[in-house]
Every structure is written in C-alpha cells, then in structure tokens.
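**Q** Chains A and B are the protein sequences, given in the same order. Quick note: the first sequence uses this note's numbering, first residue 1, plus one each step. Quick note: the second sequence uses this note's numbering, first residue 293, plus one each step.
Hints are computed from structural coordinates only; laboratory data are not their basis. Mixed in with the good hints, there may be bad ones.
Stated by the list, open to error - Not the full set, but computed from the structure, chain A residues with beta-carbon under 7 Å of chain B:
no., residue
1, L113
2, G117
3, K121
4, N175
5, D177
6, L181
7, M182
What the hints assert, rightly or not - Incomplete in silico selection of chain B near chain A, CB under 10 Å:
no., residue
8, K341
9, S344
10, L359
11, V375
12, H376
13, V377
14, D381
15, F384
16, P385
17, D386
18, L394
19, A397
20, A404
21, G407
22, R443
23, Y527
What the hints assert, rightly or not - Some residues of chain A that are not near chain B, with every Cβ distance over 10 Å (derived):
no., residue
24, V62
25, Y119
26, L146
27, V184
28, V186
29, T217
30, L235
Heads up, the beta-carbon is just placed ideally off N, CA and C, and yes, glycines get one too.
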Amino acid sequence: MDVFTQIIVSGLTLGAMYAISTVGLSLVYGSLNMLNMAHGGILTIGGYAAYAVSQQWGWPPVFGFLAALVVGAAVGLLIFVATAWPLLSSKNFETNIFIATIGVGAVFENIVLKLFGPYAKPQPLNIAGGIKIGAVLVPYQNISILVVAVVMMILVALLLQRSRTGRAIRATAQNRDAARLMGVNVVRVYAQVLALSGALAAVSGVMISSLATLSPTMGGDPMLKAFIICVVAGLGNTYGAVAAAVVIGLIEASTQYVLGVRFGFALLLLLVIAVLIWRPSGIFGKSRVVRL
Amino acid sequence: MTPPLLAIENLSAGYKGLNVLAGLSLEVGAGEFIAVVGPNGHGKTTLLKTISGLLSASGGSITLAGLELTHRRADQIVAAGIVHVPQGDLLFPDMTVRENLLMGAYLPDAAAQAGERLEEVFQLLPKLRERQGQIASTLSGGERRMTGIGRGLMSGGKVLMLDEPSLGLAPIVIDQIYQLIDRLKASGRTIVLVEENAARIFDRADRVYLLDNGRFVWSGSGSELMQRPEVLQTYLGG
Numbered sequence: 001m002d003v004f005t006q007i008i009v010s011g012l013t014l015g016a017m018y019a020i021s022t023v024g025l026s027l028v029y030g031s032l033n034m035l036n037m038a039h040g041g042i043l044t045i046g047g048y049a050a051y052a053v054s055q056q057w058g059w060p061p062v063f064g065f066l067a068a069l070v071v072g073a074a075v076g077l078l079i080f081v082a083t084a085w086p087l088l089s090s091k092n093f094e095t096n097i098f099i100a101t102i103g104v105g106a107v108f109e110n111i112v113l114k115l116f117g118p119y120a121k122p123q124p125l126n127i128a129g130g131i132k133i134g135a136v137l138v139p140y141q142n143i144s145i146l147v148v149a150v151v152m153m154i155l156v157a158l159l160l161q162r163s164r165t166g167r168a169i170r171a172t173a174q175n176r177d178a179a180r181l182m183g184v185n186v187v188r189v190y191a192q193v194l195a196l197s198g199a200l201a202a203v204s205g206v207m208i209s210s211l212a213t214l215s216p217t218m219g220g221d222p223m224l225k226a227f228i229i230c231v232v233a234g235l236g237n238t239y240g241a242v243a244a245a246v247v248i249g250l251i252e253a254s255t256q257y258v259l260g261v262r263f264g265f266a267l268l269l270l271l272v273i274a275v276l277i278w279r280p281s282g283i284f285g286k287s288r289v290v291r292l
Numbered sequence: 293m294t295p296p297l298l299a300i301e302n303l304s305a306g307y308k309g310l311n312v313l314a315g316l317s318l319e320v321g322a323g324e325f326i327a328v329v330g331p332n333g334h335g336k337t338t339l340l341k342t343i344s345g346l347l348s349a350s351g352g353s354i355t356l357a358g359l360e361l362t363h364r365r366a367d368q369i370v371a372a373g374i375v376h377v378p379q380g381d382l383l384f385p386d387m388t389v390r391e392n393l394l395m396g397a398y399l400p401d402a403a404a405q406a407g408e409r410l411e412e413v414f415q416l417l418p419k420l421r422e423r424q425g426q427i428a429s430t431l432s433g434g435e436r437r438m439t440g441i442g443r444g445l446m447s448g449g450k451v452l453m454l455d456e457p458s459l460g461l462a463p464i465v466i467d468q469i470y471q472l473i474d475r476l477k478a479s480g481r482t483i484v485l486v487e488e489n490a491a492r493i494f495d496r497a498d499r500v501y502l503l504d505n506g507r508f509v510w511s512g513s514g515s516e517l518m519q520r521p522e523v524l525q526t527y528l529g530g
C-alpha cells in the first residue's frame with residue numbers, strides 16, 4: 001500500500017511537470033505547425049530566472065516564480081520575432097523553423113552557461129517538510145508542484161475555451177485560412193501562443209529544477225519527453241497531451257520502482273513505438289477525412 | 293450614377309510564378325447580385341481569395357465604398373465589410389455549430405451584436421438551431437454549407453462573397469441553398485457569387501461576368517446570356 005502511494009505521488013508529480021511543458025509545445029505545434037526545438041532552452045532559462053531573482057537578488061520565492069513566468073513569456077516572444085515571423089512565408093516553414101529553433105536553443109544554452117557557469121546549482125524555490133500518508137512522507141514540494149500545475153492547467157483551459165483570445169487560438173489551429181476570414185489576425189495569435197508556451201515552459205523549468213538541480217543542459221531531457229508525449233497524444237492535441245503526460249508520469253514512476261531508474265526511459269521509448277504502430281497519428285490524433 | 297460599393301480595377305494576382313488573374317475589372321453596386329461564372333481552374337476562386345486578402349494582388353486595386361483595400365491583411369478586409377464564404381466551407385472542425393457561427397462575429401463590432409445576429413441566422417436556417425451543439429466535423433454536406441454561409445452572415449459585412457455554394461451537394465440540397473440565397477437577395481444584401489454552373493444564376497443575377505483564363509470575356513445580364521448560346525457554348529461547353 002505504501003509503495004503504491006509512493007508511486008502515485010511521484011508519478012503524478014512527474015506527470016504534472018511534463019503536462020505543463022508539453023501543453024506549450026502542443027499549442028505551438030497546433031497553431032503554427034512549428035516544432036519548437038528551443039523549448040528546452042526556455043525551460044532552462046525559466047529555472048535560472050527564478051534562481052537569479054530569489055537566490056542572487058534575495059527576493060521572496062514568489063517573485064522568483066513570477067520572474068520565470070515573465071521571462072519565459074518574453075523569451076517565447078523573442079523566439080517568435082527572431083525565427084517564426086521572418087520564416088512565416090517561407091516555402092518549407094516546418095523544416096526551416098525546426099532548424100532555426102535548434103540554433104536558438106544552442107544560443108540559449110550558451111547564454112546560460114556564460115552567465116551562471118557550468119556547475120549544477122540548487123533551486124532555492126523549495127518547501128521543506130511534508131505530510132505523512134501511511135508510512136510515506138509526501139513532501140510539500142510535490143504537493144505544491146501538483147497544485148500549481150493543476151491551477152495552471154485550469155487557467156489555460158479557461159483561456160482557450162472562454163476568452164476571445166482563446167477562441168482565436170483554437171480557430172487558427174483548426175483552420176488557419178478560415179480564421180483569417182473571420183477577422184483573426186493570425187500573426188498576433190502566433191505571437192500570443194509562443195508567449196504562453198514560453199511562460200508554461202519556464203514554470204515547468206522551475207518545477208523540474210526544484211526536484212533536481214539547475215544546469216545549463218537541464219532542458220534537454222524534459223523537452224525530449226514533452227515531444228514524446230505530444231507524439232503519443234497526437235501532435236497538436238492539447239487536452240490529449242495533458243492526459244498522456246499524466247499517464248506517462250505514472251508509468252515512468254512505476255517502472256522506476258519495479259525495474260529500476262535506468263529502465264524508465266527505455267520503457268517509455270518502447271511504449272512510443274508500440275503506440276505509433278497501433279495508432280500512427282497518436283492515441284487522440286485524428287486522421288481527418290477530407291470531405292467537400 | 294452613385295459610385296459602386298465594391299470596385300475592382302485592373303486586378304492581377306496569382307501564385308508563385310503563375311499569374312492567374314490578368315487585369316480584371318468589376319463593379320458591384322449596393323444591393324446588387326453579381327455572378328461570376330467560368331470553367332474550373334480559370335481564376336474564380338483566386339479572384340475571391342484576392343479580394344478577401346488570402347492572396348495578395350500583384351497589380352490593380354480593390355476599393356470598398358472608397359476605402360482602398362488592395363494590400364490590406366485579411367482581418368482588416370473583413371473588418372471593412374467584405375465577407376468571404378470560402379469554397380469547401382472551411383469550418384472549424386472541432387468546434388460546435390454554435391461556436392463556428394460565433395467565430396463569424398469575432399470582430400468587436402460584430403461581437404457586440406452576436407446575440408441578435410445568431411437569432412437572425414437561426415430564423416433563416418432553422419436546421420442550424422437544431423444542430424447548434426453538434427461538432428462541425430460530424431455534419432452532413434448540406435449542413436456544413438449552411439453553417440459556412442451562416443457564419444459568413446454573422447459578421448454583418450457589406451458584401452457577401454460566396455464561392456461555389458452548390459459544389460458537391462445533392463440537387464435537392466442545392467435547391468435549398470439557392471432558396472436561401474434568394475432570401476438573402478430579397479433582404480437587400482450585396483452578393484458576389486462564383487459558380488461553375490451557369491444554369492442556376494441566369495434568372496437570379498443582376499449581372500453575369502464570364503471568366504475565362506483569368507480575364508472577363510463577356511458581361512451582361514442573365515437574360516442576355518441566355519440569348520447568347522454561342523457564348524455559353526464557347527466558354528462553358530453548353
């Protein structure tokens with residue numbers, strides 16, 4: 001029973017962190033057909049932004065979190081202005097933007113390396129203590145990650161479903177030309193989506209680094225997992241991505257317990273292969289029937 | 293003579309390296325019903341896409357009530373009052389019928405009147421009231437077409453452009469669509485209709501333009517066109 005609790009707690013925490021970073025990636029792919037390879041870079045920058053504000057400047061942790069949000073959004077916007085915007089009318093947008101954002105990601109990593117050095121640092125946004133469920137100590141840190149993640153997911157869902165901006169984002173993702181004919185300024189939607197995605201990635205960076213450590217390359221592994229989750233869910237399907245993230249977090253936690261840490265990622269990849277053989281466009285992906 | 297509502301002068305446009313429209317001029321007065329007919333692949337859809345800003349013109353000018361719209365963005369052109377109901381409907385597949393209709397009233401001016409407009413559209417197309425909660429991708433062809441036209445009406449624009457509203461529908465559904473168009477015409481709307489099949493527009497259009505190879509080769513009233521079988525024979529194959 002205690003083992004079960006342990007697995008659920010760490011699985012949900014992992015899932016929550018994955019979900020936050022995957023949603024951004026999925027939104028960007030859904031509306032721009034853009035695989036943002038600098039997503040991991042934003043994650044890293046978000047983690048370091050929180051570190052800089054709460055450790056180096058000595059401000060309260062809450063400001064560290066807010067700084068990550070703001071900096072993440074700004075970096076997302078920067079990626080839009082520097083890569084997506086100039087490439088929008090290019091013929092092979094999907095390939096070009098993929099390569100361009102790999103370059104941007106490398107630049108981000110090196111900026112962080114230059115500013116903060118190569119050594120791992122602890123993330124000061126850490127809440128000590130925990131509550132006991134049975135014999136298991138559930139750290140407040142995990143609980144707060146879960147709560148923050150759930151609150152953010154609800155906010156994103158409300159934004160997408162209820163607000164005018166959200167309707168424009170969904171419309172653009174579903175049919176770009178139709179959205180333009182309705183009066184949606186799609187270029188502005190792209191910029192908003194990248195800023196939102198950046199803010200989410202940065203928060204996920206803060207969460208991940210608070211459980212592990214900060215390092216200039218910390219974004220790589222979560223980005224890879226976010227891509228895997230996106231593909232498993234069906235690229236561009238945002239709600240599917242959240243569900244897949246939680247499931248994959250739980251699977252990873254159980255594998256790590258049953259088989260050992262080193263098998264976690266291998267099993268994840270095996271699972272992806274199986275899913276893609278079974279459903280090539282992802283679990284929730286639709287192979288759309290084109291009708292007149 | 294009052295100046296035309298929509299004036300297109302010497303318009304050229306096309307896709308990369310291929311000019312599809314070669315200097316078209318067209319005038320649409322307020323309340324007029326203009327039909328553009330011509331065979332497939334001769335620029336009818338390109339014309340509408342260029343007017344609505346989905347494609348940019350390579351030459352010429354487009355003005356609406358004296359307002360220059362030639363190189364504006366698509367969203368600015370809708371805001372100015374030109375509504376384009378595209379070929380193949382281009383609905384938002386994962387939204388409900390109601391959400392699709394409300395997207396038609398996305399712009400602030402239209403959004404302020406979205407409630408009344410929605411009621412008007414439901415009056416005009418009672419089927420959509422029944423279907424309002426249904427996801428657009430599950431609609432039948434005729435329902436999709438009606439949703440597409442209804443969505444266009446939601447923006448309350450000055451000019452309604454319809455791209456082949458009969459395409460791919462069963463004859464009985466085409467009749468329904470044209471009954472709807474007749475009602476829109478009767479209510480005084482300015483309509484630009486593009487059709488491959490001239491048979492349905494003879495007795496409806498105030499003026500017919502015949503588009504061949506990116507040029508207007510003939511224009512006149514619908515009844516004049518009916519009396520010129522050789523024109524029809526040459527350009528539309530009878």
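**Q** Next, verify each hint and record whether it holds.
**A** Status of the hints after comparison with the structure:
no., hint, verdict
1, L113, "violated (41 Å)"
2, G117, "violated (46 Å)"
3, K121, "violated (43 Å)"
4, N175, "holds (5 Å)"
5, D177, "holds (6 Å)"
6, L181, "holds (5 Å)"
7, M182, "holds (5 Å)"
8, K341, "holds (9 Å)"
9, S344, "holds (6 Å)"
10, L359, "violated (16 Å)"
11, V375, "holds (8 Å)"
12, H376, "holds (5 Å)"
13, V377, "holds (8 Å)"
14, D381, "holds (8 Å)"
15, F384, "holds (4 Å)"
16, P385, "holds (6 Å)"
17, D386, "holds (6 Å)"
18, L394, "holds (8 Å)"
19, A397, "holds (8 Å)"
20, A404, "violated (12 Å)"
21, G407, "violated (15 Å)"
22, R443, "holds (8 Å)"
23, Y527, "violated (24 Å)"
24, V62, "holds (35 Å)"
25, Y119, "holds (47 Å)"
26, L146, "holds (29 Å)"
27, V184, "violated (6 Å)"
28, V186, "violated (8 Å)"
29, T217, "holds (37 Å)"
30, L235, "holds (14 Å)"
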